Amino acid sequence: MTTIALSSLGRTRRHWGETIFKLCAISLITLALLLLAALLINVTMDGLPRLSWQFLTSFPSRFAEKAGIYSALVGSAYLMVLIGIFSIPLGIGAAIYLEEYAPNNRFTRFIELNIANLAGVPSVIYGILGLELFVRIANFERSLLSGALTMSLLILPVIIIASREAVKSIPGSIREAALALGATKSQIVFTQIIPIAFPGILTGCILAFSRAIGEAAPLITLGALTYIPFLPDGVFSPFTVLPIQAFNWVSRPQDSFHQNAAAAILVLLIVLLLLNSAAIWLRYKFQRRFNW
Amino acid sequence: MIHGIFFLCGCVSIVTTLGIIYVLASETINFLSEVSLGQFLLDSQWTPLFTDKHFGIWPLVCGTFLTALIAIAVAVPAGLIIAIYLSEFAHENVRRVLKPLLEILAGIPTIVYGYFALLFLTPLLQNFIPNLAGFNALSPGIVMGIMILPMVASLSEDALYGVSRSLREASYALGSSRLQMIWRVLVPAALGGITASFILAASRAVGETMIVAIAAGQQPRLTLNPLQAVETMTAYIVQISLGDTPHGTIEYSTIFAVGAMLFLITLCLNFISIKLREKYRTVAV
Chain A
1 MTTIALSSLG RTRRHWGETI FKLCAISLIT LALLLLAALL INVTMDGLPR LSWQFLTSFP
61 SRFAEKAGIY SALVGSAYLM VLIGIFSIPL GIGAAIYLEE YAPNNRFTRF IELNIANLAG
121 VPSVIYGILG LELFVRIANF ERSLLSGALT MSLLILPVII IASREAVKSI PGSIREAALA
181 LGATKSQIVF TQIIPIAFPG ILTGCILAFS RAIGEAAPLI TLGALTYIPF LPDGVFSPFT
241 VLPIQAFNWV SRPQDSFHQN AAAAILVLLI VLLLLNSAAI WLRYKFQRRF NW
Chain B
1001 MIHGIFFLCG CVSIVTTLGI IYVLASETIN FLSEVSLGQF LLDSQWTPLF TDKHFGIWPL
1061 VCGTFLTALI AIAVAVPAGL IIAIYLSEFA HENVRRVLKP LLEILAGIPT IVYGYFALLF
1121 LTPLLQNFIP NLAGFNALSP GIVMGIMILP MVASLSEDAL YGVSRSLREA SYALGSSRLQ
1181 MIWRVLVPAA LGGITASFIL AASRAVGETM IVAIAAGQQP RLTLNPLQAV ETMTAYIVQI
1241 SLGDTPHGTI EYSTIFAVGA MLFLITLCLN FISIKLREKY RTVAV
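Sequence order for the protein chains is A and B.
Per the working numbering, the first sequence starts with residue 1, numbered consecutively.
Per the working numbering, the second sequence starts with residue 1001, numbered consecutively.
Just to be clear, a hint being listed does not mean it is correct.
[Stated by the list, open to error] Just a sample of chain B residues kept apart from chain A, beta carbon distances all over 10 Å, derived:
hint: 1; residue: HIS1054
hint: 2; residue: GLU1092
hint: 3; residue: TYR1113
hint: 4; residue: LEU1167
hint: 5; residue: ALA1170
hint: 6; residue: LEU1174
hint: 7; residue: ARG1184
hint: 8; residue: ILE1274
hint: 9; residue: LYS1279
[Said to hold, decoys possible] So, partial list: chain A residues that the calculated Cβ filter (under 7 Å) puts toward chain B:
hint: 10; residue: ILE20
hint: 11; residue: LYS22
hint: 12; residue: ILE29
hint: 13; residue: ASN114
hint: 14; residue: THR221
[Stated by the list, open to error] Computed list of lysine-lysine pairs in BS3-like fashion (alpha-carbon distance at most 27 Å, straight line):
hint: 15; chain 1: A; residue 1: LYS168; chain 2: A; residue 2: LYS66
hint: 16; chain 1: A; residue 1: LYS168; chain 2: B; residue 2: LYS1053
hint: 17; chain 1: B; residue 1: LYS1099; chain 2: A; residue 2: LYS168
hint: 18; chain 1: B; residue 1: LYS1099; chain 2: A; residue 2: LYS22
hint: 19; chain 1: B; residue 1: LYS1275; chain 2: A; residue 2: LYS185
hint: 20; chain 1: B; residue 1: LYS1099; chain 2: A; residue 2: LYS285
These aren't lab readings, by the way, just hints derived from the structure by calculation.
What you are looking at is a predicted structure, and each value in this text was computed from that prediction instead of being measured.
Cβ atoms here follow ideal geometry from the backbone N, Cα and C, with glycine treated the same way.
Take these sequences, add in the hints, and give me the full structure.
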């Protein structure tokens, strides 16, 4: 079939040009996807033999075969919960302000420009901010709290942008209907806008979390430690997370530690896969429930 | 009252920006009180951890630009071709499958890419380039290029999509082929948006940390040779943060000075990109 298509296309030079362009594009896409496959296969081959219940439930150790990711896994989970508590209300609040309340003036545009720019600030810079602001000035030490606050600032622009999209997609008729029934502005926001936009907001939040859970740079800059042989016992406790543990192992020269790194990465990828599936499922459910 | 609470949420972004500027500026001033601006900008060596201290930022800037340039050289041509293919040639169903698949590349944590660059790509490339060092600029550069590829492709595609139909039809009416229409009408018309995507990708590559910290090495070197180990600004910040450099020392304040430089570079790139996109949006509609 391809040969027939090619010969009929190839009658003129311009069609040959098109065919070559298409082939070029398809091979580039294939190459990119092959690299993705190579990456996943490489990590799985290196890490899977090391993955075991013992690996998940052991503390780090200087012996590669005894080491595990227990404290990193628990640290990542605690951090995510704290980030959620800080960033979701703030992000929704900012999105609601910009979409529902903000007057169309210079100051609003300044806020918008700020958010767009913050979304592009490198994550290490947030780490430096957190180091000075939370670790030193607020004196929270190198704790879960400092880490969570820093990461919340990092993902806030992502959450705000996603939440705004969700709020923007609500048709004006909903607001008008509520106004016609005598609702006040804040009643509209709390009984209509937030509930209707919530699945969309949640999807955005989950995607933002999947960025946060893989981030190591700001937490390293903050001074999160790599060797934590205990579980955090409160928000002021030192902590480590999965990507930091993986980074620590990958920067050692021994192959046995590289295997540990691969296994930790594998766990991280599985968590990300679960988070993203949840986001896709939510989006699917959302699309089916509201048909305007 | 409720209005006020929402307003405060909106202001967090401004406070964050001010916080970043304050932290970077105040510590950089401390740094500059000990090291002159001339030394910072004109010296060609960066050795703050040695006894013979030099504080020339250029080796770090050079390492950053070298790795970012390699990434851009990978991502920009490939991203543009893929964007044109997806918006002009691909069937709707193909597009719907390929786009999310490519987006996976952007969602993979950078630590994973770092692992891949150091333990897969570098050994692989060493088969073809025997004098490639174990830590080098080439392999993290390529991997970063793959990471930013979906961003270039997706933003460029949006830009192409925004070009009005009448321009395409006018071009066809004058007898151009599809490729002539694409290269002489479509791409020039969308150039603002496409350039914005390139610049944003460049900014992402400049600020990328873990990939270069793992695979590019820790040797600040004024070189454009991609086969050698280099150190980027971000990797230096990570290196200092991992060590136990006490607060108040000159070594400690270097990370703020380097951070300020990094922030300024990415700020300029982001700002140009945002402005270009705004301008292009008004033209396209």
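Tested hints:
1. HIS1054: holds, 22 Å
2. GLU1092: Holds, because the least Cβ-Cβ distance between B:GLU1092 and chain A comes to about 16 Å, which exceeds 10 Å.
3. TYR1113: Its Cβ does come within 10 Å of chain A, the nearest being 8 Å, so this is violated.
4. LEU1167: holds, 19 Å
5. ALA1170: It holds; B:ALA1170 is separated from chain A by about 18 Å at its closest Cβ, greater than 10 Å.
6. LEU1174: holds, 14 Å
7. ARG1184: holds, 13 Å
8. ILE1274: Violated, because the least Cβ-Cβ distance between B:ILE1274 and chain A comes to about 5 Å, which does not exceed 10 Å.
9. LYS1279: Label holds. Min Cβ-Cβ 14 Å, cutoff 10 Å.
10. ILE20: violated, 9 Å
11. LYS22: holds, 6 Å
12. ILE29: Holds. Min distance 6 Å.
13. ASN114: holds, 5 Å
14. THR221: holds, 5 Å
15. A:LYS168 <-> A:LYS66: violated, 52 Å
16. A:LYS168 <-> B:LYS1053: Measuring from Cα to Cα gives roughly 55 Å; hence the hint is violated.
17. B:LYS1099 <-> A:LYS168: holds, 24 Å
18. B:LYS1099 <-> A:LYS22: Distance of about 16 Å is within 27 Å: holds.
19. B:LYS1275 <-> A:LYS185: violated, 33 Å
20. B:LYS1099 <-> A:LYS285: It holds: about 21 Å lies between the C-alpha atoms, which stays within 27 Å.
Violated hints, in rising order: 3, 8, 10, 15, 16, 19; the structure is consistent with all others.
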